[in-house]
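Using the sequences plus the hints, can you model the full thing?
Spelled out, the chains give:
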Amino acid sequence: MTRQFRARTGWPCAAGFALVLCLPTHAGAQSLQASTQAATFAESCMSCHGLNGKGQGAIPQLAGKTQESLQGAMTEFASGARPGTIMRIIAKGYTPEQAAALGAYFAQVR
Amino acid sequence: MSARISRRAVLAVAAALPLARPALAQGRARVVIIGGGFGGASAARWLRRVDPAIDVTLVERNPRFVTCPFSNLMLGGLRTMQSISFGYDQVRAAGVTVAIDTAIAIDPTARNVRLAGGSTLPYDRLILSPGVQLNYAGIAGYSEEAAEIMPHAWQAGPQTELLRRQLEAMPDGGLVVIAAPDNPYRCPPGPYERASMIAWYLKQAKPRSKVMILDAKDSFSKQPLFMEAWKTLYPGMVEWVSKSNSGRVTRVDAKSGKVTTDFEDLSPAVANIIPPQRAGQIAIALGLDQGKGFCPIDPVSFESPAQRNIHLVGDAIIAGGMPKSGFSANSQAKACAHAVADMLAGRAPAPATLINTCYSTAAPDYGFSIGGVYRPNDQGIFAEIPGAAGTSPLGAPRETRAAEAAYAESWYSNITADMFG
Ligand SMILES: Cc1cc2nc3c(=O)[nH]c(=O)nc-3n(C[C@H](O)[C@H](O)[C@H](O)COP(=O)(O)OP(=O)(O)OC[C@H]3O[C@@H](n4cnc5c(N)ncnc54)[C@H](O)[C@@H]3O)c2cc1C
Chain A
1 MTRQFRARTG WPCAAGFALV LCLPTHAGAQ SLQASTQAAT FAESCMSCHG
51 LNGKGQGAIP QLAGKTQESL QGAMTEFASG ARPGTIMRII AKGYTPEQAA
101 ALGAYFAQVR
Chain B
1 MSARISRRAV LAVAAALPLA RPALAQGRAR VVIIGGGFGG ASAARWLRRV
51 DPAIDVTLVE RNPRFVTCPF SNLMLGGLRT MQSISFGYDQ VRAAGVTVAI
101 DTAIAIDPTA RNVRLAGGST LPYDRLILSP GVQLNYAGIA GYSEEAAEIM
151 PHAWQAGPQT ELLRRQLEAM PDGGLVVIAA PDNPYRCPPG PYERASMIAW
201 YLKQAKPRSK VMILDAKDSF SKQPLFMEAW KTLYPGMVEW VSKSNSGRVT
251 RVDAKSGKVT TDFEDLSPAV ANIIPPQRAG QIAIALGLDQ GKGFCPIDPV
301 SFESPAQRNI HLVGDAIIAG GMPKSGFSAN SQAKACAHAV ADMLAGRAPA
351 PATLINTCYS TAAPDYGFSI GGVYRPNDQG IFAEIPGAAG TSPLGAPRET
401 RAAEAAYAES WYSNITADMF G
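Protein chains in written order, with our numbering: chain A, 1 to 110; chain B, 1 to 421.
Read the hints as simulated data drawn from the structure, not as lab findings.
Beta carbons are placed, not taken as given, at the ideal position from N, Cα and C, and that holds for glycine.
Be aware that one or more of the hints could be misleading.
As the list claims (entries may be wrong) - Derived coverage of chain A by chain B (criterion: at least 3 residues anywhere in the stretch with Cβ under 8 Å from a Cβ of chain B; other residues may be distant):
1. 46-59
2. 92-103
To be verified - FRET-style restraints, in silico, Cβ to Cβ:
3. A/79 / B/117: 35 to 45 Å
4. B/291 / A/108: 44 to 54 Å
5. B/93 / A/60: 26 to 36 Å
So, in structure tokens, the structure goes:
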């Protein structure tokens, strides 16, 4: 059983996310590392936004939003263009590529 | 296609690594986790998701876990005990074997854990998230028995209920003293959120009363935000006495109810004494703290430099810039689950990006936060990513404070669902 197969069964969305980050790399080892790393990026978001981005209450859900809107929100929080609270700080911790990958991850959660 | 790339990747990495793979040779890999709180319950559930082929056993002393997060809101009357208590049914449902028992000894050579109930659990890798133990000796006169009269309420449960009963029983016009410890300790903003929540309760029930924080340090987390909140919400009710102003509590006498600082003797109606802390005893007993009180780790693998195959997360570790919070423990647990799964499969773990956010609730419609994003740095600790750390702004409009109070509630629902289902 490969990691990504397991990821696909355990976590419906992880495989797609891994693929996004895998595209620019060529060495297999590197893409595996990237996918492991990518999964933990999205998992940290879930502590506030809920499992798979489908949380309860006032914190916005991320699941099923478009990649563009999620990536755009990260960019605007980071630049200060969008008003907000803690996301103005947290968004600064991610590169544009990472924000794009996070957007892709949550966009394809059903 | 991606599956094929991935299979090759696994083989390539495995071939390049000198890591032992005993688990794979003998069948299912076995991971034992000690501590079913923020770090341990998270690690257990996430490890099952990262790799369902791993056999995971969680050892926890208590059948129900009472969260320290929101226990201050219970003291303020905003929450019931019931609403901050969780069982392990959904941890079991995730395929974790839950042993309600106390781990009393670890044999790192034979790789097993002995439980008070008599059984011995073998492991390939062990994860410890035992939280903190209270160092009663840090304040003269304080002890586990004295805490039955002067509660710490720093491990949520009966202690939280005792403190609440004392607040309910005290007369209007009485003084509540909170003794806050020096760094490092569990939940840096915790004593100040507690002062706010107690003031919220007193303001309705006993408006002539006061809260005094006697501090063993000269500054604290989110200080300007707390000061602003106290001035706005509870003018004249909350006083903070810094260490330089002789705030440090040097002695308590539970019999007479006396609390002593370098400057004076106080006889408060309620004394909440929060002593210094160190890593949970099971970690200290094995020397994992290397004499430091908290345990060093490798921030990529979470493995102890003192013992191979033993990983640590949560309050018990030295985490560099990451504060000792439930959020940090949960974030570390997820990264640790990946690292442990990788190492069991003979792969090298990758460094993770971790988050912390701590909300403080000063009134039902008044919250604020501190947060940061962290990566392992070349000194082998977690460091803030430059620019990605900070607090809510001072002087924010009340709508913003109300929004953050609602975010705190939402965060609590979501993180407890992450841990306990
Ligand atoms: C008043 C207060 C308010 C707080 N508010 C917040 C907040 O708003 N947000 C936030 O993020 N954090 C908050 N925290 C901090 C948070 O509670 C801790 O950081 C978090 O609990 C740490 O997780 P842990 O897994 O290290 O320890 P814990 O959650 O304490 O879990 C440790 C578990 O291990 C068990 N255990 C220990 N030894 C053994 C053994 N030998 N055998 C079996 N079981 C054992 C214990 O019974 C316990 O259940 C607050 C803390 C306090 C005190």
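* Provide an ascending list of the numbers of those earlier hints which the structure does not satisfy. => Of the numbered hints given earlier, the structure breaks just one, which is hint 3.
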